[in-house]
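Chain A is fixed; fit chains B, C and D onto it per the hints.
Protein chains: 4
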Amino acid sequence: MAEKMRAIFKEKPAPGLVMKQADVPTPGPRDVLVKILAASICGTDVHIYDWDEWSQKRVPPPIIIGHEFCGKVIEKGRDVTSLEIGDLISGETHLYCGLCYQCRTGDAHICKNVKLRGVDTTGCFSDYHVVPENTAWKNDPKISPEVLSAQEPLGNAVFTVFSGEVAGKTILIMGCGPIGVCAAALCHQAGAEKVISVDLKEFRLKMAKEMGADVVLNAGEEDVVKRVMNETDGEGVDVFLEMAGSPKAFKQGMDSLKPGGRVSLLGIYKKPFEVDVTNDIVFKAPVIHGINGRKLWDTWYKARAFMRSGRIDLNKIITHRIKFDDFEKGFQIMKSGECGKVVMKL
Amino acid sequence: MAEKMRAIFKEKPAPGLVMKQADVPTPGPRDVLVKILAASICGTDVHIYDWDEWSQKRVPPPIIIGHEFCGKVIEKGRDVTSLEIGDLISGETHLYCGLCYQCRTGDAHICKNVKLRGVDTTGCFSDYHVVPENTAWKNDPKISPEVLSAQEPLGNAVFTVFSGEVAGKTILIMGCGPIGVCAAALCHQAGAEKVISVDLKEFRLKMAKEMGADVVLNAGEEDVVKRVMNETDGEGVDVFLEMAGSPKAFKQGMDSLKPGGRVSLLGIYKKPFEVDVTNDIVFKAPVIHGINGRKLWDTWYKARAFMRSGRIDLNKIITHRIKFDDFEKGFQIMKSGECGKVVMKL
Amino acid sequence: MAEKMRAIFKEKPAPGLVMKQADVPTPGPRDVLVKILAASICGTDVHIYDWDEWSQKRVPPPIIIGHEFCGKVIEKGRDVTSLEIGDLISGETHLYCGLCYQCRTGDAHICKNVKLRGVDTTGCFSDYHVVPENTAWKNDPKISPEVLSAQEPLGNAVFTVFSGEVAGKTILIMGCGPIGVCAAALCHQAGAEKVISVDLKEFRLKMAKEMGADVVLNAGEEDVVKRVMNETDGEGVDVFLEMAGSPKAFKQGMDSLKPGGRVSLLGIYKKPFEVDVTNDIVFKAPVIHGINGRKLWDTWYKARAFMRSGRIDLNKIITHRIKFDDFEKGFQIMKSGECGKVVMKL
Amino acid sequence: MAEKMRAIFKEKPAPGLVMKQADVPTPGPRDVLVKILAASICGTDVHIYDWDEWSQKRVPPPIIIGHEFCGKVIEKGRDVTSLEIGDLISGETHLYCGLCYQCRTGDAHICKNVKLRGVDTTGCFSDYHVVPENTAWKNDPKISPEVLSAQEPLGNAVFTVFSGEVAGKTILIMGCGPIGVCAAALCHQAGAEKVISVDLKEFRLKMAKEMGADVVLNAGEEDVVKRVMNETDGEGVDVFLEMAGSPKAFKQGMDSLKPGGRVSLLGIYKKPFEVDVTNDIVFKAPVIHGINGRKLWDTWYKARAFMRSGRIDLNKIITHRIKFDDFEKGFQIMKSGECGKVVMKL
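Protein chains in written order, with our numbering: chain A, 19 to 364; chain B, 19 to 364; chain C, 19 to 364; chain D, 19 to 364.
The reader is advised that the hints may include incorrect statements.
Copies of the same chain look alike in the list, so a pair counts if it works inside one copy or between any two.
Stated by the list, open to error - 27 Å max Cα-Cα, derived DSS-like pairs, lysine-lysine:
1) Lys156 - Lys133
2) Lys269 - Lys363
3) Lys244 - Lys156
4) Lys244 - Lys160
5) Lys227 - Lys156
Honestly, the hints are just simulated from the structure, not real lab data. These numbers were taken from a predicted model, which means no experiment stands behind them.
The following block holds chain A by itself, in its conformation from the complex (with noise of 0.2 Å):
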């Protein structure tokens, strides 16, 4: 095995990210190592190279960062019962504890002890990574390294999505990035009689009309709630999948609900803001869940369903795959924003 390896950085406290050797590690009992094959660059990857305020106060330097990979197991610890050499893995980003109250009843992906991949502790863009069992999730070989290591979103996506009904319900998306575009299709391969997608930017809709929307609004040319009651016959959509971070969004996807409807919320709004709760929520009397990360394991293995059965292909949401030693390049493309995901093979 080699001693050394590549692996990117922030080594500093201040903007950038730099490729340095590193030594590759070692795993414990209950750890594999592998070599990774290829890893993904998300949005958080990019605050961490900005180096903004929420990363100067949790991101250590320094620190291998990353988080999103596949990679091939060469090295099992003692104690590891699962995996196998040769094993195709990629790794859930949460690292729990496993014991406290939140672990304990099935809500790993809120332990109170978690630490992220790459942001708290080492993260995988590197050439070796070691990977705690217990949070080591087995691929199926027959799909690429390269859509593997762009899961996650899709298993946001199937948080968000199957934290209700979706069968024959009528559907309002907003926001159309990768975790948007892969709701898309979720609910439109999971029955839902109509999807209706809105982002602001016309290379996101079409990427959500190509994954499955039945009908995409660009917000910034359209009433976005009229045109819901139109297309739902003046009822509201039975489900609001609120994934844009945006207030105004919100209060739109609110005024398109049926009363009674669901409500799942992903996106990150910068501050505080308005809400009607007493029409929006009492009265209007929906089902409103929070949606942090990515409930374990049920929605790796329904992730894994949808890409192996066929029905989700990822290739349509990777827009760019670049070598690893050009992750400069990768970071400037994800800035632009003109992109699904960025993957860096290795």
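Same frame as chain A, now just chains B, C and D:
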């Protein structure tokens, strides 16, 4: 049968109410005519008395008001099958159409075509009243008419409390009005580990304590969030029931909630207010239920079960019993706020 | 309006049916009168034709039979609010009371006082038919009357399939009658990872395959449990839908089920049979749903959504279209078993 | 620390148990070593004593048996984070793998690779015992070790009772063993309208009554179904909990159930038996849950809540407290059936 009867009218579009003679109404083929035995004054009736903004928009004088009652069936329409002369009944305030999407899918409490008894159509503050069979509820005759006339707030409490799990849970209830104290009683009776009730008035906190709250907090004197955290080993409560209609109470409740907990919102806020959706909903990942009215008829069955098993004694929240002719006094007591339920005997 | 009409009667307590003239009925204040455009023959109608043990106990000759129809509203009672002359409607077979415990808590499909159209009371196999508004369903006029007359088995399938999760699940369906093949179609359309349909007849297996089954097994030729295990990586299926009414199919299904899976039982067994409750239920820990009829009206809304979005085309299961006057031929085809739905056009 | 300890062994593949000296075990990095303070004898232990058919197939002598305990942590492995020296703990009997499908989707209680403490691997009937951190449960030190050693049947009861709604419901419990009487107590404490407990032994019925049953019936002397119908206004019970393991009890329960009710099956039947699936499941349309073990860790949290709030006092079901050295006497009492829980103090 008497041909004339006493009735409390909102006669003109102005503050105040008057008692007048009216014709005894005639039931249709699917209605029953009841002799009213007891009727309770609700906060909504006070709004109509005061002729506030909401009333001005909605209530069409001249109209008999009132919706909380218990009466005896003295005549039945020819198509009535589930009620008999002599039955002691109450009636659901929401006169639902039975045919809209909401009615046909278990949500008649948010019927699209709903008419409210005593608000949109003839009320029950009169010696006799016509009740459509499909809105009638047959009472247990072992319970007194006064108590039965006051069971609607219990129904609201039932809906709010049981919109999620209660047994073995820690529960925070903001607000100790009639619905809030009924909620405390229900949580206690349904196996909550700890019920924490919060209000600003000692009079109400005392009632909550008597009805079953384990801990009562005066929000004007104590740091609510800190106390709740202390009472829950720093984990926060499992369930937060908002029955105060105050943005401050809403925020304190969200801050006191365990990640992944349950929130049920019944309180009415005067206007929109700032909510930290990102931290309090998306990241904290609760399920939030908007609670409007009482789910039909599950809540009536549950309320009856708690009353007839002796678990809930609404006599404890009836603070005033007055004669029908003294209704004006009843409204003045309600306006003072120094009361639980005010019941008129006919 | 015509004063006389054709109608199919069970005239005497003996096998057979006759077509006779009858008076066109008059709608009451909450009824509509419809001109029947198409009517489907159900297995229940065949039982009545044959005058089997069940029919002898339940059906009161002389009576017009039939319950699956689509017709046009030509007259409406004065209290009807949700339908207009010209509307294309079908009707729920279960004429529910709306007032019993089951009706009042969302379970009208198991109403305590239920009367079945065409079994307990006048049926729809006639030129004109009276439908109470509360059992009428307004159809999408873009769909053909023949298809609309055949939507009840789709409703049964909807109820069975969606009594639990489907998306991303592996599903075993025992039985490929009209309800079984509708179930296969629904599962496929609702995002199942894999749908395995089982029957003894190639004719039916072929229909299941066309409607969406991924794998079809002839239980007379293959080892069902072994095949299911192979198709599911040895885990067993997540969901087992029993639509065959065979004790052997029941056992094979339980043996093919993943521990903790879901079972929905719709098939009717001729008599009680041995069940290994300890191993197949207590230790295996599934959730089992008994499925009776169609939940009102959720199943109708979902069935409509699947039809009008083009996901389910019931034309594929209508194998025979005959004239009303040729009803006798229709019953003979039904008895042969070599058919899907048999629809009579009027 | 002592180097030798007492331990109860199944030494040879034959009836009987012996107490012998054994080495005090050494905890691994994620284990704790506990000094056992109290241990309860379970029916399973009696089966192993008797060396019945099941034991012969499953238990590998020589092995220390026992799985219900309370002990104090006296040593902890270096990777243990959630426990401290001095903590009072119990342990879940099901040593789950944490990595199979069931474990990863909230069903660790039916782990595919489960090992049972004291059955498949070293048990706790010894002075010291090693407990993996992920199976340890930190107790409330205000509760006595004897009670804490007997909390597993409470956990089973919690799982069975709360697999559906309880508050305001009428509930039939077949069987008044330790789990059955805990179930009666839980139902009563969780707001059931009426709890009806059934058994054949007066001793057990008396215990059920003391723990909270409203009505107790001796199935040997009364017509159970008739009595249940009388107690429920002819509607039948909302919920049926089967904890007797008797086909007759199963049938009586199904006949006593309200259409659309809930059934939870925990009892173990010696062999398969005839079930009227058509009438009792398909037409009656209940939801049926197979109950295996205790859902992890929800049931432990709920059990703790009921114990530490004082709602459930397990002292009432501990009928015998004996010395560890007198274990033989304990097993004889268990075999007599004239007891609740038998606890050994160490």
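### Message
Treating 27 Å as the Cα threshold, decide for lysine 156 and lysine 133: within, between, both or neither.
### Response
both (21 Å within a copy, 23 Å between copies)
### Query
Between lysine 269 and lysine 363, at a C-alpha cutoff of 27 Å, which is it: within one copy, between copies, both, or neither?
So lysine 269 and lysine 363 fail the 27 Å test inside a copy (40 Å) and across (46 Å) alike.
### Task
Check lysine 244 against lysine 156 for me: Cα-Cα at most 27 Å, and say if that holds within a copy, between copies, both or neither.
Between copies, since 25 Å is at most 27 Å while 45 Å is not.
### Task
Please work out whether the CA atoms of lysine 227 and lysine 156 approach to 27 Å or closer within one copy, between two copies, in both situations, or in neither?
neither (31 Å within a copy, 31 Å between copies)
#### Entry: Identical-chain pair category, lysine 244 with lysine 160, by Cα at 27 Å
Answer is between: at 24 Å across copies they meet the 27 Å cutoff, but 44 Å inside does not.
Comparing the model with each numbered hint stated earlier shows that hints 2 and 5 do not hold.
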